[in-house]
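Protein chains in written order, with numbering that gives the first Met the number 0: chain A, 0 to 393; chain B, 0 to 393.
Among the hints, erroneous ones may be present.
Said to hold, decoys possible - Straight-line C-alpha distance at most 25 Å; calculated DSS-like pairs for lysine-lysine: (1) A:K2 <-> B:K252; (2) A:K164 <-> B:K2; (3) B:K263 <-> A:K57; (4) A:K2 <-> B:K143; (5) B:K2 <-> A:K252; (6) B:K2 <-> A:K263; (7) B:K37 <-> A:K65; (8) A:K226 <-> B:K2; (9) B:K263 <-> A:K2.
Simulated from the structure, these hints should not be mistaken for lab results.
Protein chains: 2
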Amino acid sequence: MAKINPYFSDIKQNYLFAEIAKRVNTFAAEHPEKSIIKMGIGDVTLPLPAATVEALKKGAEDLSRKETFKGYPDYEGYDFVRNAISDYYKEFGAEVSADEIFISDGAKSDCGNIGDIFAQDNTVLVTDPVYPVYVDTNLMSGRKIIYADSNEANGFAAMPDDNIKADIIYLCSPNNPTGSAYNKEQLKAWVDYATENDAVIIYDSAYEAFITEDLPRSIYCIEGAKKCAIEICSLSKTAGFTGTRCGYTVVPKELEREGVSLYKLWYRRQATKFNGVSWPVQCAAAAVFTKEGRRQVEENLNYYRENAKIIADTMDELGIFYTGGKNSPYVWFKCPNKMSSWEFFDYMLENIGVVGTPGEGFGKNGEGFFRLTAFSSRENTVEAMRRLKELLKK
Amino acid sequence: MAKINPYFSDIKQNYLFAEIAKRVNTFAAEHPEKSIIKMGIGDVTLPLPAATVEALKKGAEDLSRKETFKGYPDYEGYDFVRNAISDYYKEFGAEVSADEIFISDGAKSDCGNIGDIFAQDNTVLVTDPVYPVYVDTNLMSGRKIIYADSNEANGFAAMPDDNIKADIIYLCSPNNPTGSAYNKEQLKAWVDYATENDAVIIYDSAYEAFITEDLPRSIYCIEGAKKCAIEICSLSKTAGFTGTRCGYTVVPKELEREGVSLYKLWYRRQATKFNGVSWPVQCAAAAVFTKEGRRQVEENLNYYRENAKIIADTMDELGIFYTGGKNSPYVWFKCPNKMSSWEFFDYMLENIGVVGTPGEGFGKNGEGFFRLTAFSSRENTVEAMRRLKELLKK
């Protein structure tokens, strides 16, 4: 008799976005005259940079001719893409060689699949509030999960505690959902902790491209990280690839546990359960890192950054505590008047028709906090903040 | 301390294709004057059907404009692709509703990942010779594997044995590597076995498009299969998508084990560890199933089918036992003169410069057998068979 994975029942159904949709739909039906502005979404909205569209089309064209046709790609990605990413890392002071980079269909897949190379018997540490994928994928594998608190006191940047023993640590910086970004000293503390405990850090740098201040854009900016960290990144937020699907994971050649190369384990995992990324998509990925691609990517990033600043400035004006707003497309703020996350959700929706994400959906430390994203249009962002100021200044 | 997955060490390094490459390279270096024809490759060589290239380009174009831009896709694929596949199933008598279909980046990913929904404690049955992915992905998860013999006596179509208890069964028909395809009665015997034992069949139908005779093109052509089988298919061989990357998996709504819907488990798995398929690729996938797409796809398939026939006819002429050659791009034959697989590999390479795949690389029942594929050019296929006849008729 086929037995199902018993650990799936440990995963909580996450009704967060379903619940949001339900409340918004109910409100919209009852108030068809109200204009609703959605700022809860973590998905990009600007079109792809022109250079990447051209590359996609050229890649498609290649597939139409026998001489340029591409069959099965390399499991780890084409060298021209890996070289481009290696060069990109150099710009912010991280030494990552092309052959440590694995191209994939996105950071979420890699975040989910990386657990395959580890034993079930590992204690996983995540920071709370947390991107649910880190938790759910490890629950599915029957691993024990412990939480490090991110909260107002530490600026939503949880730090390691030497009294707590973790084997695998998920860090996300700039953070989803809190927008906070570790500085060099903070990240070094995590690398030191991992080194001392022979732990492995899974570092999610999906939002690194939003960093404008002097903060590490890769964990490999920290000495010692190549012996204790895997980094997972994505072009989804960098270049608007949420619907194009391309990410990359770095497993340093010198990263070993129990005498075994994690690079070799991940290579084996990918060779066995993955067959590489679509040729046109890899062409588009490489185009992100060309001079023209980079210029266009920065243009889009600046648009979202300006939206984030408009939200952050509003919080400043209203005297509300927040993290993010710079180095991140997210603004994570304390609900005014001691409202709970869901109370504030309803309050905003009902009074000004603005939709965001209740922080409670990301973990216990999210209660009483709220997330707005910079991915709306400029017009909607400005209008939503105008309404919010009017509401809260009453 | 992070502990690695202990089961990775149970996987044998598969040196098959590396060893082939090594021997071919050595021979080529020593005999630069000899023309070498490669017929070992399981990858397509004809360009993509024009309709799919156009769809890829149109999909790329969509991403360039705000009004048509696509962000995160649905985890299970866009409805227009799922509907097209559901209609395709109807053509060969299988009732598969669109909402039982999950679009993915390829059959190999799904074959590898499907294990996530099952407990470690399951006995997995594979037929031998076997596509190594079924074995390696289950070894990685620490599952016990048993083998059903495919051999000359049963036409390389292993059948169930009621005395052997298996929980999860991998079937591939038309088979890789043997080219044999189950008929309705044979497949029914497997469905009946799975039903009686509450087992689940993972049915790999990646080569179904090669079927021209009256054979089931889906396990759902068999009564009862929807209560015991998951089907994994791909556009790689159907439409030359090996470098474009798109496949699909069917998990019937009525398939339950231990009172739990496997559809819900797989949905949860995909929602947690996967983020959907690239927009332009999904556009191309849908184009495969348009009238024009189907016509172009058939044209390519017929080219490969004719190559397979040329190989099969050669075997007939030489009086060599083989399977496949029809309903399959593979011809699997008995090495002449009682040669071992590798002896025959060297014999062909050294005497006529033709490269194939030694059957021994696919399992113990592959020893003494050899695989040739229909994916070369017509010219090379004809020339290779001319050389083979000359060699063996001496």
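Against the structure, the hints come out as follows:
no.: 1; hint: A:K2 <-> B:K252; result: holds, 17 Å
no.: 2; hint: A:K164 <-> B:K2; result: holds, 13 Å
no.: 3; hint: B:K263 <-> A:K57; result: violated, 39 Å
no.: 4; hint: A:K2 <-> B:K143; result: holds, 13 Å
no.: 5; hint: B:K2 <-> A:K252; result: holds, 17 Å
no.: 6; hint: B:K2 <-> A:K263; result: holds, 15 Å
no.: 7; hint: B:K37 <-> A:K65; result: holds, 17 Å
no.: 8; hint: A:K226 <-> B:K2; result: holds, 15 Å
no.: 9; hint: B:K263 <-> A:K2; result: holds, 15 Å
Hint compliance for this structure: hint 3 alone is broken.
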